[in-house]
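Knowing the structure of chain A, use the given hints to seat chain B on it.
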Amino acid sequence: MDFELGEEQVMLKTSARDFLEKECPKKLVRDMMEDEKGYSPELWRKMAELGWQALVFPEEYGGIGSGFLDLAVLSEEMGRALVPGPFMPTVVLAGGTILAAGSEEQKQECLPRIAEGDMIMTLALTELDGGIEADGVTVKATPSGDNFTINGTKLFVPDAHVADQLICVARTKDGANKEDGITLFLVDPRTDGVSIEVLKTMSGEKLCEVVFNNVTVPKSNIIGEVDKGWPVIKQVLQQATVAECAWMVGGARWVLETTLDYAKERIQFGVPIGSFQAIQHKFADMAVEVEGATSLTYYAAWATMENDPGAEMATHVAKAWCSDIYKHATFEGVQIHGGIGFTWDHDMHLYFKRAKSGEVNLGDAIYHREKVAQLLDM
Amino acid sequence: MDFSYSPQEEAFREEIKDWLAENMKELPKWWLDRSLKRPEIDSEEYHQFSVWWHRKLYDAGFVGISWPKEYGGRGATLMEQVVFSEELAKHRAPGPTNAIGIGWCGPTIINHGTEEQKKRFLEPMLKADEIWCQGFSEPEAGSDMANVQMRAVDDGDDYIVNGQKVWTSGGHYSDWAILLARTDPDAPKHRGISYFLLDMHAPGVTVRPLRQITGHSEFNETFLDNVRIPKTMRVGEENQGWYIAMGTLEFERSGIGAAIGRENTIMDLVEVTKQMKRNKDPIIRQKMAQMYIDGVAIRYTGLRALTKQLRGERPGPESAVMSHFGMELNQRMQDFAMQIQGPYSRLVRDSKYAVDDGSWQYSFLRSRGNTIETGTSEIKRNVLAQRVLGLPR
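The listed protein sequences correspond, in order, to chains A and B. Quick note, in this note's numbering, the first sequence goes up one by one and the last residue is 378. Quick note, in this note's numbering, the second sequence goes up one by one and the last residue is 393.
Same shape as in the complex, but just chain A (with noise of 0.2 Å):
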């Protein structure tokens, strides 16, 4: 029984942290809110000459083939620091599906590149009803000659904007069996026909309309089978939303050691207001959810490296937690900071967005709360 990070994944955790620490500091974070393409190729380039983006591929695609339960460390630090770009879309949405069920030709076509560090890629999968299910999938691709034609429109697609690539997820075949008659495009987006627009969000993070009229995909582009992508899709979402979690406990953890250490240093009356039990009473509350935080992910991760049967339960029961926690967290951090964690100017409101929007980032909490009934045979 070993319930904690084993000694390389703390050596990666620490060497994470002095790394974004210095190349990812708060200014890039604000400047890349502004910035057209919301990303830095400079720090995305170091990023990959550390091997982060090649972290979870098997080498023979020209990655380090560490388990996942190293890219959640990653992740958490990531999350810590507010790194922004591409980074999940790439590595666990597009890379993680590519990975699955790829040809071989898709994988040497993608995943080096991917791990070099010289391709960015995304899933376009929720459309306007934004869900996550296999229902929600109504963009259609119906097949002409050698070809499929894809027309509809997807939503909240992150980083379309830059991507090299796309993944389409599309509907080719509709029965009553909505997970049946899915089928996966890897979709150039300078083909005729994809038009996309980045939406104007609250945390600056890079969401994308995605349209496609009349789009020419050739067969061979097609990931996996035929009407059979559902599965796929279910398995990356798993593991994206694992990756999710570790991002916001990172996240969480700055917010109750950055607060706390506000909490004994800011005099009132004349002592520390950490001093006042209202105050310690909201600090014992967040430690509560930031450990349990971290306790859940880490059992997530685990189970999803593993393949344990119990992963799917994980996975649920973490972001459940982690989607409520990570905003109240930011909630209490903005609330004790009182006025100056109301200002532009102090950093608390870059994680409060992030929060609110990981929040509802591969389902809320009120969605894997249902999932956790369902398993639990209700």
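These are computed hints drawn from the structure, not numbers from a lab. A quick note: this is a predicted structure, and the numbers were derived from the prediction, not measured. Be aware that one or more of the hints could be misleading.
[As the list claims (entries may be wrong)] With a Cα cut of at most 20 Å, we get these calculated DMTMM-like pairs of lysine to aspartate or glutamate:
#	chain 1	residue 1	chain 2	residue 2
1	B	Lys274	A	Glu8
2	A	Lys356	A	Asp324
3	B	Lys280	A	Asp377
4	A	Lys140	A	Glu209
5	B	Lys280	A	Glu370
6	B	Lys127	B	Asp186
7	A	Lys140	A	Glu60
8	B	Lys17	B	Glu86
9	B	Lys69	B	Asp2
10	A	Lys228	A	Glu179
11	A	Lys371	B	Asp268
12	B	Lys274	A	Asp377
13	B	Lys90	A	Asp377
14	A	Lys219	A	Asp164
15	A	Lys26	A	Asp345
16	B	Lys277	B	Asp356
17	A	Lys356	A	Asp129
18	B	Lys231	B	Asp158
19	B	Lys56	B	Glu123
20	B	Lys127	B	Glu44
21	B	Lys308	A	Glu7
22	A	Lys13	B	Asp2
23	A	Lys371	B	Asp281
24	A	Lys107	A	Glu60
25	B	Lys308	A	Asp2
26	B	Lys69	B	Glu115
27	B	Lys308	A	Glu60
28	B	Lys231	B	Glu218
29	B	Lys277	A	Asp377
30	A	Lys371	B	Glu263
31	A	Lys46	A	Glu21
32	B	Lys56	B	Glu26
33	B	Lys274	B	Asp33
34	B	Lys231	B	Asp199
35	B	Lys308	A	Glu4
36	A	Lys371	B	Glu271
37	B	Lys277	A	Glu370
38	A	Lys140	A	Asp129
39	A	Lys26	A	Asp324
Using the frame of chain A, we list chain B on its own:
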């Protein structure tokens, strides 16, 4: 990260499982079936049942497993203690009785007692031939426990002790008590307290049951009127009682047994929601799921604490954070049990139509004590904020 158990631990698990499979057959039917009539929690019948099961556990070598072998224990490793708690909880088997004796009094005597005290007390304690209770709390010493007023005055070979204790659990059938009394009223409050072993049958000891919110009497007031306690029954040095009371043997800190127990309750509640036809209600489903999630958070945070302990590291926040949260989760679960029963939640034991013979009504009422006993939630939050997070007092 590795959640597996060693071959020795797994062998121990098999031993426990085999024993439980054989012996649980002898348990009364009501133990595993909430709908059946069970003896009242404070009845002599219930106490006799607890002692009967305890002796079976004792004979099998499953009592005091964390105690050193030389004192009759099993000398189990931390992981074996975890395995034992897990199996007991998974099988929903009753645990040993005399919990205060085996959990608190025994370890204190082992750590701080004289050879004579060890010889005299440890074996009958383990066998539950002598039942122990705790005399710490007083009317003026609740959350402020060092404010003990009970007075022990030096008188030759004895102390003469006067005062009142309260919330003495099981005091009405206890033979011995661990007791805190003030031996130096002029010293600062933590430094004038001594630790005693009190014969509950001694002249001058009066036990008066307290009737609690459930209508039962699990706790008592205990009055001492010129009770003589021999000096040989003091544990440790005079005036060091507070520090002795704060220490104990090293227990596994995962809380795994309690965590599995809560999961059992959640599974029972899933059944009640079905029975009451509330399981399709989305609000009920959301609440149910959240309680499950809360339980899992406690469980895995406990395993992180255990890991630190196994590595011999100082306990971090993960060992302290979940205490008040777990107690409050118990209350949320019990409150929920009432909510899903709707109008039937008003019916108690012995009533026609009562759900599960009113056992949820009892546990609902009993759970209100959870955030008071062993430290209120508010005190626990203070302790966490000050001692773990380092906020100023």
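Given hint Glu209/A paired with Lys140/A - CA-CA distance at most 20 Å: Roughly 16 Å between the alpha carbons, so the hint for Lys140/A and Glu209/A holds.
Restraint status (C-alpha distance of Lys219/A to Asp164/A at most 20 Å): At roughly 19 Å apart (the allowed maximum being 20 Å), Asp164/A and Lys219/A satisfy the hint.
Pairwise hint evaluation, Glu21/A against Lys46/A, where the allowed Cα distance is 20 Å at most: Within the cut-off at roughly 13 Å; holds.
20 Å limit on alpha-carbon distance, applied to hinted pair Lys231/B and Asp158/B: Roughly 5 Å between the alpha carbons, so the hint for Lys231/B and Asp158/B holds.
Agreement of Lys277/B and Asp356/B with the hint, judged by alpha carbon distance not exceeding 20 Å: Holds, at about 15 Å.
Restraint status (C-alpha distance of Lys280/B to Asp377/A at most 20 Å): 11 Å, holds
Distance restraint between Lys17/B and Glu86/B, which requires alpha-carbon spacing of 20 Å or less: At roughly 11 Å apart (the allowed maximum being 20 Å), Glu86/B and Lys17/B satisfy the hint.
Agreement of Lys274/B and Glu8/A with the hint, judged by alpha carbon distance not exceeding 20 Å: 47 Å, violated
Given hint Asp2/B paired with Lys69/B - CA-CA distance at most 20 Å: Not OK: Lys69/B and Asp2/B at ~29 Å, beyond 20 Å, violated.
Straight-line alpha-carbon gap Lys277/B to Asp377/A, limit 20 Å: 14 Å, holds
Distance restraint between Lys274/B and Asp377/A, which requires alpha-carbon spacing of 20 Å or less: It holds: about 10 Å lies between the C-alpha atoms, which stays within 20 Å.
Proposed proximity, Asp324/A with Lys26/A (alpha carbon, max 20 Å): With Cα atoms ~24 Å apart, Lys26/A and Asp324/A exceed 20 Å; violated.
Against the hints set out earlier in the document, violations occur for numbers 1, 6, 7, 9, 27, 28 and 39.
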